[in-house]
Amino acid sequence: MAKSNLSLKNAARQSAPGDRNVFRLFVMLVLVFVLMMALRPSIFLRPANFNSMMRQLPEYGIMAIGISLAMMTGGIDLAVVGTANLSAIAAAKFLIAVAPRGTPNEQVAPMLIVAVLIALATGLACGALSGTLVSKLGIPAILATLGTQQLFTGIAIVITEGRPQSKLPLLFSQIGNFEFFDFFPLSFVLFCLVALAVGIMLERSKFGLEVYMLGTNSKAARYAGLNNAGILFRTYVVSGFLSSISGLIMMARANSAKADYGAAYTMQCVLVAILGGVDPNGGFGKIGGVVLAVFILQILSTGLNMFENVSNFYRDIIWGGALILVLLSNWYLARRKERMALARKTA
Amino acid sequence: MISLKRSLRRSEPYVAGAILLLSILIQVRSGQFFTGNNLVDLARSMVVPALFSIGAMMVIVSGGIDVSFPAIASLAMYITDRVLLSSNYSGPVILAYAMAAGLGLVMGAINGILIAGFRLPTMVVTLGTSSLFIGFMQGVLAASETPVPPSMLAHGKEKLFSAYNAQLGLSSDMPAQILILLGALVLVFLILRYTMLGRGIYAIGGDETSAQRTGFNVAKIKMFIYCFTGALAGVTGVVRASMMMNAHPTNLLGMEMTVIAAVVLGGTRVSGGVGTLTGTTLGVALLTILSNSLILIGIPTFWSRVFTGAVIVVGTGVTAWQAISRQRRVAARRTA
Amino acid sequence: MSEIFLRASNIHKSFGGVEALSGVDLEIRKGEIHCLAGENGCGKSTLIKIISGVYKPDSGSVEIDGRIFKHVGTTDAIAKGIQVIYQDFSIFPNLSVMENLALNMELMAKRKLMNYRRARAIASEAIAKIGFDVDLDERVENLSIAERQLIAICRALLHDAKLIIMDEPTTALTKKEVKALFAVIKKLQADGLSILFVSHKLDEVFEISERYTIFRNGRNVTSGNTAELDDRKFAFYMTGREFSEESYRPTSLGDQALAISNLSLRGAYEDVSFVLRKGEILGITGLLGSGRSELVQSIFGIYKPDSGTIEVGGVPAKIRNVKSAIKKGIGYVPADRLTEGLFLPQTIKRNIVISKLDKLSSAFGFLREKKIGDEVRAWISDLSIATKNPSLPVQTLSGGNQQKVVLARWLANDLSVLILNGPTVGVDIGSKYDIHGLLRTLASKGIGVIIISDDLPEILACASRILVMRGGRIVRELLPEATTAEQLGEISTGVA
Amino acid sequence: MKKAFRIFVIAMMMTAAVASISAQKLPGKSSKPSKDWKIALVPKDSTNAWFVRMEVGVKQFAKDTGLNAFQKGPAKTDAAMQAQVIQDLIAQGVDAICVVPVDPAALEPVLGEALKKGIVVVTHEASFQENTLYDIEAFNNTAYGEFIMDNLAKAMNYEGVYTTMVGHVTNASHNEWADGGVAHQKAKYPKMTLLAAEPRVESEDNLEKAYERAKELIKKYPNLKGIMGTSSKDAPGVARAIEEMGLKGKVFVSGTGLPNENKTFIKNGTIQSTTLWDPKDAGYALCSLAVKILKGEPINNGLNLGLKGYENLQFAKGSKKILIGSGWIVIDKKNVDSFGF
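Chains as they are written, first to last, in the numbering used here: chain A, 5 to 351; chain B, 177 to 512; chain C, 44 to 539; chain D, 3 to 343.
Don't take every hint at face value.
Derived CB-CB ranges, DEER-like [stated by the list, open to error]:
1. A:Thr-107 with B:Pro-323: 50 to 56 angstroms
2. D:Lys-188 with A:Phe-37: 32 to 38 angstroms
3. D:Lys-119 with A:Arg-44: 16 to 22 angstroms
4. D:Thr-67 with A:Leu-337: 42 to 48 angstroms
5. C:Asp-108 with B:Ile-500: 50 to 56 angstroms
6. C:Asn-185 with B:Pro-323: 30 to 36 angstroms
7. D:Asn-302 with A:Phe-37: 45 to 51 angstroms
8. C:Asp-349 with B:Ile-500: 17 to 23 angstroms
9. A:Glu-183 with D:Asn-302: 56 to 62 angstroms
10. D:Tyr-160 with B:Pro-323: 54 to 60 angstroms
Straight line, CA to CA, 25 angstroms or less: simulated DSS-like cross-link-like pairs of lysine-lysine [said to hold, decoys possible]:
11. B:Lys-335 with D:Lys-250
12. D:Lys-118 with D:Lys-156
13. A:Lys-140 with C:Lys-370
14. D:Lys-335 with B:Lys-333
15. B:Lys-335 with D:Lys-269
16. C:Lys-366 with B:Lys-396
17. D:Lys-322 with D:Lys-310
18. A:Lys-140 with C:Lys-361
19. D:Lys-250 with A:Lys-171
20. D:Lys-190 with D:Lys-252
21. D:Lys-265 with B:Lys-333
22. D:Lys-322 with B:Lys-333
23. A:Lys-210 with C:Lys-92
24. C:Lys-366 with A:Lys-223
25. C:Lys-92 with A:Lys-223
Read the hints as simulated data drawn from the structure, not as lab findings. It should be emphasised that the depicted structure is a prediction, and the values quoted were computed from it without experimental measurement. Ideal Cβ placement from N, Cα and C applies to all residues, glycine included.
Could you put the whole structure together from the sequences, leaning on the hints where they help?
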């Protein structure tokens, strides 16, 4: 009896790698938080500082969620930034055409809705293209989305000639930068909603379960009657949709849209997803982990901005170090567990 | 007959076909593709990505993925450059190569220990170390553009020959560094094909457990792969700096995805076990020709990314489609 | 009598606190063919790995050819002439046949360089030993499973072996190939080699071995001369339970469950027609390459037939893909459970419900957790899947229980037709009987069942009617009571 | 649903109105003692030699004045990341932010917020920036482009086909210079023509790419006689191509460039001159201007920031924001050795 109990416990630990990882990330978040608090309490603990962090993280946080989704199917979506910018540019082009700066707000408001819809539709279309290449033609995701990233950025450059689209009606950024209780930015609320929605979708919906299963073993998925192509397609469409939300947030924050905004976000989002515990081979990962990783990254980068003489590049060191430390601690804990189990047995 | 069929199942002929088509398009549009100086120019542009692709291909064949080589190359090159500059070194360039290779090897060994020793996932490890190396270079060393020491400068000016285009009165120099690429290609070809170590790399990529049982020392082979690619990346860093006659710390960063794409385009299987140097070189050639011929084809700068994206999408689409239909044929053949 | 080549005494080994072996013994004499039998998880594989040096025992010793080892190293084992052919073949799908055969030899010879001429010579010699005809330059991934296994066997034969351990070597082989293998084994024995033959197929144990050892739950149950063993005893020793198996006769044949007319797929099968009735268990056999797998996979929507029609329950059915096949009430248990059947690191629960999500989720696509929980609990108890927690990864289960999970997935779908490709491949004997019993129950409840199997006794025991395929066509229809395994084998190969 | 949205919009408009009222009062004289002031300079990125040089100026300023002035840049040249750095600085309550925007348009909201919070904002290389108190231009962008064009035209003997090269087509100031140069050529050098098929190519701010693009251009368009560079990598890259192809004296290049990188080419005549302003001085001037504002000193025409090129700043025509300095440095054979960078 004792024996089977033990094996059950071991196996149970095996069964929820995601949960353990989420807990470890949480510990890390607390550590980073306490560290920053200890080093620069007067600056770090200001409400304005938290407000600043909440305003910065949504745009890449939402894209990181999109990339995570693609990674859970065993792929990757390198086209998120291109999709975000192209969506924003489509919306911006439209707004500038129908409601240039100075148009009365009553006239702008309905146009804003149309513009948002245009952006979201563009995101869906971009996702659909990447999705088709990955699912129907079977191009490795890393190649397909590298291609579409070039393509989307290219189209954005062609239609803007590389110039920022800036004469947007003020109402857009006013709404986009609205803060609930003068503290919680709309974009942050959106990020939370997106994380919640995607989290629920992954954990509670049929589609989410299918994503995990397809990511685990696509051949078995086919034999189990899953529509592999359809699931992959939808994953990239969702990722494209999320990217377009990011694009709108960037557009509101910058009050303009441009073909190369946030180009550096791609690798950052991949890092976030991986530190967040998403398995790049597919099948495993939790949105909770990704959200925590986003918070950790944000605290790190905001934290480093508090030190006048510390370069922002130390963030890269801490980040890389954290990634490897998490891996090593996983390795160490797994080994210790094995040893302890052995010791218990021989004792 | 059998061998013809077999060769049609590979992707090299298709990539070669794509290169041929593209060349003809460029020739028709500009009349300047099949000229000595243009080919020399292309060869020159290929040197750095092709050097990178050799290492990337070895890693992918072994079943891993490495995104840290641009960071290793940059950091190794930068430290070498700074040390040689500050010590007023004026001896032969070989020391620069040796130093960068050594530094690259050490950084590769860090990857290797984490991957082979602790059995950690390759992509995550190399993303992590890449971040570390870049952060170290830019944060701790506060790297910025610097000139190169005289030996590298002289090395950068060395040329094998000049190709002269009488029609336009243009000449192009074949840089000496192409010898390093050729040397690396020959060396790696020999390793991969004629040593047990090389066969072990393929074996690990095919089935790691089987490799262990067959008697391959998997950890040692992996260690070799990452050390070797690290050293090769270090050498590539110096090649780049000498060819540019300028040590630019961030210039190589961001190349990883394009290099990996070229490797995969050349028929290397993302899941490991399959890949050839010929295919890899063809893949690099295709992407290099593409990015260096947009003006020759007459594509306006604004359209260049659209065109590049479209070619990647269409090119890989054709290869992928061919792979799918091949699978079907294999299924049918097996039952026949 | 003859000398002992290998003696393992009082071996203990545990993993993470779970005891896999609690003091087992094994003796193999020189020049004998010894059978090691036992259900999955009884410790057979662990012992093999200790003998071959992969694992270090917690206590106990292994004596090989007169030398006593506390811990056998991998190189010791090989040096002492021990060769293992693992169940997963340990081959490299991406390399050529030649390299698969030669690499190990070259490594053993501590060669640093690869000599293709020498490799080709080694490989040719290896395949010649069992008369295996194969293109040495072909990539192994383009070969069939049986061909891959033959390569693994050829490779082990290459070494100057004194003891060859074969871990269920015949699992995926057809009758003819098994015969060829046995001939080779006998020849090796004649050359003075010992063979440790791990199997739970009784007929093979009888045919090939002289002595046997049976394990259960990490302990010795018995060992002795094979001649003294019979069907009943064998099953009892292995499982500790009594089994009896009668061949299945449907009480009453129901309506037509599935009707295939003139189905053809170029290069695979041609002009196949048959009718499956409710309550019937139809066995389809034939050599690998006879088109049987492609035929049933076409019915399940994996391949699209070139011509012909499929009717399900008397209604013409257009089966475009797996999903539409499932919608029509067709289920398929694939041949390769590990890669095609299961999502190994995912939970048992998820593996069971994955094909029924449409019915287990709300209109908006949300999962009904309670309903799922009930469903999973019901199947676990109905099929007596040995687990306490359905949230464990399915890879923690034994082969038999894993197969039951795949079955549960299909049974959850209200099937009218269930197709099983190798229903008990790699399944321990207890689970095998369980599964056979289950198939009978299903059929008697009115499901049409199709079994594809190389295990001819299994076909004879389970099927109520048998179709034999050869060269893509159905060549004979037989009734099991009027047929023997030999006849069946001969018809498949075209001898009769 | 519709109604809810309307209410939402109205609520937004009200907050916006409140925000714009409070934004009326622009920051100026600081009430804090000067030793508590924090003055941050945000460059486009931190590794570029250009901004490394700028930081030298900032450090010099901090040393000279004893004030807390520092440079804090994003890890990559990326508008979105630069905005994040500024956002953090605002949250930390710095007193003045000096910015060299990657993309002025993208920074409007965040700089607007800084102003709203009473932080002094001054910019550089951002003549169209709205949310800034003052923008220092080492020179006028259009005029700078015109000057590069003058250099090129002279080298080309005022005739022939030319094209323009920018770092990225998305780089605002490069495009402004190139536009200025092209307009200037159209007005002043009628015998010169812009290459219609490729009026603007990209060097990706990369020496190697500039070199490759130049070779390609010359192969495709044999009658091309000049390339107007903008990024500091353009001129040396193109010059190498010209030398290698054996076209010295037949094809010409002009542009921005650091002395060291161009020394050989200027000395051997492949490049006749490059243009430059010293980023160190710009960094110093920006901090100095910020401090003047914090001290509450008046900012008028003829403002003297106490270093060469910035002793007599003039407001641009019709502007109360753009302060233009007295220009750039021309680097040629005569002075190329005198810079030390």
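Status of each hint after checking the structure:
no. : hint                                         : result
1   : A:Thr-107 with B:Pro-323: 50 to 56 angstroms : holds (54 angstroms)
2   : D:Lys-188 with A:Phe-37: 32 to 38 angstroms  : violated (59 angstroms)
3   : D:Lys-119 with A:Arg-44: 16 to 22 angstroms  : holds (19 angstroms)
4   : D:Thr-67 with A:Leu-337: 42 to 48 angstroms  : violated (53 angstroms)
5   : C:Asp-108 with B:Ile-500: 50 to 56 angstroms : holds (53 angstroms)
6   : C:Asn-185 with B:Pro-323: 30 to 36 angstroms : violated (55 angstroms)
7   : D:Asn-302 with A:Phe-37: 45 to 51 angstroms  : holds (48 angstroms)
8   : C:Asp-349 with B:Ile-500: 17 to 23 angstroms : holds (19 angstroms)
9   : A:Glu-183 with D:Asn-302: 56 to 62 angstroms : violated (38 angstroms)
10  : D:Tyr-160 with B:Pro-323: 54 to 60 angstroms : violated (35 angstroms)
11  : B:Lys-335 with D:Lys-250                     : holds (18 angstroms)
12  : D:Lys-118 with D:Lys-156                     : violated (48 angstroms)
13  : A:Lys-140 with C:Lys-370                     : holds (23 angstroms)
14  : D:Lys-335 with B:Lys-333                     : holds (22 angstroms)
15  : B:Lys-335 with D:Lys-269                     : holds (22 angstroms)
16  : C:Lys-366 with B:Lys-396                     : violated (46 angstroms)
17  : D:Lys-322 with D:Lys-310                     : holds (22 angstroms)
18  : A:Lys-140 with C:Lys-361                     : holds (22 angstroms)
19  : D:Lys-250 with A:Lys-171                     : violated (45 angstroms)
20  : D:Lys-190 with D:Lys-252                     : holds (22 angstroms)
21  : D:Lys-265 with B:Lys-333                     : holds (16 angstroms)
22  : D:Lys-322 with B:Lys-333                     : violated (51 angstroms)
23  : A:Lys-210 with C:Lys-92                      : violated (42 angstroms)
24  : C:Lys-366 with A:Lys-223                     : holds (14 angstroms)
25  : C:Lys-92 with A:Lys-223                      : violated (30 angstroms)
Taken one by one, the earlier hints fail for this structure at numbers 2, 4, 6, 9, 10, 12, 16, 19, 22, 23, 25, listed in ascending order.
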